[in-house]
Amino acid sequence: MNIIHLILGLFLAGIAAYGIGRLKPAAASWLTLAASWAALLILFLGGDTLAGGNAWGLLAFKMTPLGWFFSMTLLFVYSTNTFFNLSVPAAPTRQAAYPMLYLISLASTIGVFSAENWLALFIFWEIVLWSSTFMIGFGKPGRGSIIYFGMSLLGSFMMLFAILVMGTAYQTFEVKGALMAAAQSPGPALLVFLLMLFSAMVKLGITPFHIWMPEAYHEAPDHFAPVLAGGLSKLGAFTALMVTSFLPASTLMAQPWQVRGLPLLTYILLTVSAVSIVIGTLMAIKQEDAKKLLAYSSVANSGYIMIGMLMGTPMSVSGALVHLLAHALATTVTFMVMAAVARQTGTTRMDELGGLLHRMPITFLAFLTAILSLVGLPPMLGFVSKWLILQSLASQGLFLVAAAAIFGSIGSLLYAFRILSTVFLGQLKPKHRQVREAPAVLLIPLLLLSGVTLVLGIYPYGLVQYTAKIENSLGFADTVQITGLSIQGNNGNLNALLIMGAFAIGFLIALGIFLKAPKSRKVDLMDTYTGGEFIYSPELYSYSTNFFAPLERVYAGLPEISRLYEALANRVRDLGTLVQYLFFSPLPSRTALLISVVTILLIWGEAI
Amino acid sequence: MPKKERPSRFHPVSHTMQTVEVPTEKISPQEQAEAWEKIAHYFRANSLWMLNYCTGCCAIELPLVMTSQYDMERLGMMPMATPRQADILLVTGYASLKTLRRLIYTYEQMGTPKYVVAFGPCAVNGGIYHDAYAVLNRLDLYLPVDLYIAGCMPKPEAVMNGFKRLIELIESGQATGWKDYERRFDWYKSNQLEAVGEVYIHDEFHE
Amino acid sequence: MNALQSIGTGLGMALFGWLLQTTISGVTRKVIARIQKRRGPVWYQNFRDIMKLLNKRSVTHGWAFDFGLLVALAGAIGTAMFMPVAGIVAFKGFDNFFMIIYLAALGVFGRALSSGSSGNPLATIGVMRGLTQNIGYKVPYMLLVIALISYYRTSSISEIVELQRVSGWSVLVMPLGFVVAFISLHGMLGKKPFDTYLAPAEIASGPLVEYGGKQLGILMIAHELSVFIEVSLFVNLFLGGGATLPEFLLKYAFIYILSSSLGAVMGRFRIEQVVRFYYKVPIALTIVQILMLAVMRGGVR
Ligand code: SF4
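Chains as they are written, first to last, in the working numbering: chain E, 602 to 1209; chain D, 9 to 215; chain Y, 74 to 374.
Excised from the complex, chain E in its bound form (with noise of 0.2 Å):
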């Protein structure tokens, strides 16, 4: 079994799907639930000394530390939403191709993360976004796929064209050997670096490349929404990565201008990231539908992953990869749940909702976990990985960057709490009276990416060991340490198991405390003091709509980045008219001129 096989038995288990599920959708829906689970199984067990390969000599596949930390990111979201497939109502026949698509993506992830030539790595990217941007058009009517795709196409070219020059200045497509040539010489390398980079950026949605994630997350079906959100975007980490490690920009520019010890390009781009949080942040709480909301706080987030990898330190890279996972785990969880909310409900707008706790109390638990894992707070793996960033923020002493790291921090919190209340907490409107727990289907995968960020945040030291692992194999000098059971920053000590027993100690007191004093008695949502007046409507008593207004007002005349967007597609729609007005005329004449004009030029174009 090599990755080969691997990627190849997923392509034939996506192409058989296809025909299977013309016949029975059903089927094909357990056919990507077995296929992905079985390709998980086969890359956990295999680890990160799976075998490679070479087919005809052509495409060449290598599995590195950092590509098996990726691939099993992407696997394990991917095949826990399985189980989402299985749960959609019987869809219509255009979706047929829906399993055989989720495959091959599947596959391709693999095919990027351990692909050893360039070229591949293009080619496997292409057919991800091909297949997903399928896909997200599966969902609701509306631009969100075309968006996506144009902004991703933008990504590919930049991608593309730093691919050639890397070809044609270093005469190699091999993915670590052509980064490496460009450490060695400057040439291009500058143009490689940021071209490469802006492609990442794009996947991952940083500012100002960020306007197809709301869009495309709110359109993406349901039950794809997750895969979206929580692996696709971090293919951009993936070459990012690779492009901040064997290419630092501290070799790549040595001039004389730094900012703190760093070079001022890098600077800039850390600033750039700053934004993206903050933007993120400060459109996330503005948000009134769930899955927009939660899509603008993956801008914020994928702002964090992006600074730790910036700053190239071995505890930041540690925290920007923890980070990525962290965010994966519990961004998937968030969009599932918000599928199962809408498979329960209809409806992913928060003012509708309310009060689901009632009826929905596991789906709960999981949002939670996951929820306070996206905040960063303890006993959850985002807390360990926000941890990193801020203590290589303070040994760095970037402030701006460290401000927009708190505001962000901070302000996911005023998120976070915005969705858990308007959806979960409040009173249970009377339409949703009968609603009732997800099936157990849905919440297999919801308990088991909630458990892991759970567990992996009270011991998260072989996770961290594992990051060390990778910046081991990316050549760094040297890596985050852990000695027992403590994670060494360069000014402070992580003790994640300590701070969850200290946590537990005081659970367990105040726990003592609540049942020695007197029982309570239980009461109805709507028995809460109300001034003494009379309130017997559910729906009209919460408050869910413009919930952060006082706050939306202070910064209501932020411009928006989508506007400029829309005002240069205006600009090239009006040059099409216009182009279209001069040569495109029914006028056969004007016609005939325009060929004869242009055959002139064709023939002495090269005299004059």
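Among the clues, some could well be false.
[As the list claims (entries may be wrong)] The calculated lysine to aspartate or glutamate pairs, modelled on EDC-like cross-linking and capped at a C-alpha distance of 16 Å, are: (1) E:1117 with D:188; (2) Y:103 with D:79; (3) D:187 with D:79; (4) E:1032 with E:1140; (5) E:1123 with D:116; (6) Y:165 with Y:235; (7) Y:265 with Y:275; (8) D:172 with D:79; (9) Y:165 with Y:275; (10) E:663 with E:727; (11) E:1120 with Y:139; (12) D:163 with D:79; (13) E:1032 with E:952; (14) Y:110 with D:45; (15) E:1030 with E:1128; (16) E:1030 with E:953; (17) E:1117 with Y:139; (18) E:1123 with Y:275; (19) D:106 with D:190; (20) D:106 with E:1134; (21) D:46 with D:176; (22) E:1030 with E:1125; (23) D:187 with D:116; (24) E:887 with E:1134.
It should be emphasised that the hints constitute simulated quantities derived from the structure, not laboratory data. Please read these numbers as outputs of a predicted model, since none were measured by experiment.
Fit chains D and Y with the ligand to the given chain E structure using the hints.
Only chains D and Y with the ligand this time, still in chain E's reference frame:
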């Protein structure tokens, strides 16, 4: 108002209405629990949080009691925002048809043990409003009053004096109006229904 | 047993913190009463309040209502266990600033969860205001502390205290920062003008609206503990902690009573005024302070 037969004594200042001796059905017969109740009574008596339901003009005397002139915080008393947090319900004056509903709703939202303090003759027998069409004359038919404070309106000294008396009563475990309310819930409820029709109103303004 | 000893010390620290802050709250109530020309309650009034509440039978709005409270108290106790006071620290080397802030935030989240699940929109509005205020004061405060951490090259609170003994209190290092941090602390403690999230007359004490009995009692314990964490963090970071217990207590009481007294003579901001306020003067002062620090950067080590 239909008169209910009910033995009662009225005294001008600070006297409880221990009308019926509550047969003590103890939660736990153990002495330990009783001893603990005694300690708990001490804490309850010395940390009284109140909710003043300003039904009538008597309320105007409360600001004096709260602020620097008489300063009831000396006794550990504080005004609170909601019935959930409060221990005492102050009914400052007459209860009308409209306010009684709210009074009952509020009282039932409070946690036990809870106490009711009624101000002025209006709460005893209607006072000068005894023949008004909308005023309910006897508060103790509808809510278990632990303490009356006399005076129309009671002077701040009288209010302070009343509070001190309430503290004594609680400390000695005699302020048991809330138990009475639980025990004779049906009786209270029937009185309430008779007086205001429906306690929790459902009409076009409220739905 | 070393681990048991540490845990014992930590629990002792949490108990001490609760006793200390509850006492000082009572004393402060007396001080404020004097400011308002009153007598005020006895100094142990807050103990009586808490005990009364724990002996009261109240209502619950479902399991999340209670669970959130337990998380709140657990977060507060857990954080207090790490707090170094006067040279005593339970878990040496792990009293990390970021850890303390985040664990304390878990307690805040627990409180928000609990009051949100009560179903009362007033509570939700209160939480909204509290979080909005949080984003106001936390940013300048955290920024300052990050500057301190990069100045002292350690984020362990007890080590920062040690270093201040050598090089003088941080007030001298960053005088402007001290002022900003005090204003932030004022908001953290929720004293006027920053008590918009409680506003008893307006939103009926906001997040607390549905609490009574033991729930409110547990919340009060958690509140006293989190005040202890906030004030002692401030004393440790900016005023050199204390070599001996009396020194620490003196500083602690001074800071808390000063903040409360200032609160007693002020009005209340509207919530967006709070954010606007924090993002103008304090942030500007913070930036000036950080630039000053960068200019005269020598460092201790
Ligand atoms: S007792 Fe006198 S002061 Fe009080 S409500 Fe009645 S009339 Fe007004």
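- Message: For a quick check of understanding: which of the numbered hints are violated here, in increasing order?
- Response: 1, 3, 9, 10, 14, 18, 19, 24
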